[in-house]
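*Asks:* Sequence:
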Amino acid sequence: MSEGYRCFIAVDLDDVAIIERVKGFQEVLARTGNPMKLVEPENLHFTLKFLGDVQIARIESIRKALSSLSFKPFDLEVRGVGYFPGGGRINVVWVGVGRGYDELRSIYEGVEARLSSIGFARDPRGFTAHLTVSRIKSIHDRGRLLKLIDEWRDYRFGEYRVDRVKLKRSILTPRGPIYSDIHVIEASE
Numbered sequence: 001m002s003e004g005y006r007c008f009i010a011v012d013l014d015d016v017a018i019i020e021r022v023k024g025f026q027e028v029l030a031r032t033g034n035p036m037k038l039v040e041p042e043n044l045h046f047t048l049k050f051l052g053d054v055q056i057a058r059i060e061s062i063r064k065a066l067s068s069l070s071f072k073p074f075d076l077e078v079r080g081v082g083y084f085p086g087g088g089r090i091n092v093v094w095v096g097v098g099r100g101y102d103e104l105r106s107i108y109e110g111v112e113a114r115l116s117s118i119g120f121a122r123d124p125r126g127f128t129a130h131l132t133v134s135r136i137k138s139i140h141d142r143g144r145l146l147k148l149i150d151e152w153r154d155y156r157f158g159e160y161r162v163d164r165v166k167l168k169r170s171i172l173t174p175r176g177p178i179y180s181d182i183h184v185i186e187a188s189e
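Going by our numbering, the residue at position 139 of the sequence shown is 139; the numbering climbs one at a time, nothing skipped.
FYI, nobody ran anything at the bench for these hints, they're computed from the structure.
There is no bait here: all hints are sound.
No more than 30 angstroms apart at the CA atoms, straight line, and that leaves these computed lysine-lysine pairs for DSSO-like:
id	residue 1	residue 2
1	Lys-23	Lys-72
2	Lys-37	Lys-166
3	Lys-166	Lys-72
4	Lys-37	Lys-49
5	Lys-166	Lys-49
6	Lys-49	Lys-23
7	Lys-166	Lys-137
8	Lys-23	Lys-166
Okay, the calculated beta carbon distance ranges per label pair:
id	residue 1	residue 2	range
9	Gly-33	Asp-163	35 to 41 angstroms
10	Arg-142	Glu-42	29 to 35 angstroms
11	Arg-89	Pro-41	23 to 29 angstroms
12	Glu-20	Glu-109	29 to 35 angstroms
13	Gln-55	Asp-75	35 to 41 angstroms
14	Pro-124	Glu-20	31 to 37 angstroms
15	Val-16	Leu-146	29 to 35 angstroms
16	Arg-161	Asp-53	29 to 35 angstroms
17	Gly-143	Gly-4	41 to 47 angstroms
Fair warning: this is a prediction, and the values are worked out from it, not measured in the lab.
Note that the Cβ used here is the ideal one computed from N, Cα and C, for glycine as well.
Please model the complete structure; the sequences and the hints are all you need to start from.
*Replies:* Structure, rendered in structure tokens:
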């Protein structure tokens, strides 16, 4: 296989006040006594599609496919806390979406349609709008963790304007991933 990039398509969280509130939640979360890896503030984003390792030669076809993606700017409410996968396990703690969910889902569907037309499989899990804030390494105090998640279930972190979608590259390092923008799709007024 030729050289490639680890890629995904996302909406960045770039509102400073909301990021500060998310960091506050992360600090409380870290005090539950469960080993975890917190997502760095500069890496907070809503993933629309994870592409995995993509050959560099395919990047241009992805850009072209995404160039017809059209959406209007909208306000996205960052609200609530939950976890994946659910049931008996807690692997990821996330912050969710309130108002603006339908608009974000519409963009997701547009991304899926355009990329499936150039050979990328659709995500069989469908869409769950979420901002990963922590990856849980192991559970030492499940009750305390679940209680905290329940206490923050409806917390409103804030609202911000979404006006761009990004094709991003992820470089994995021992200290955590480093993200960079490959292509930006601007909203149309």
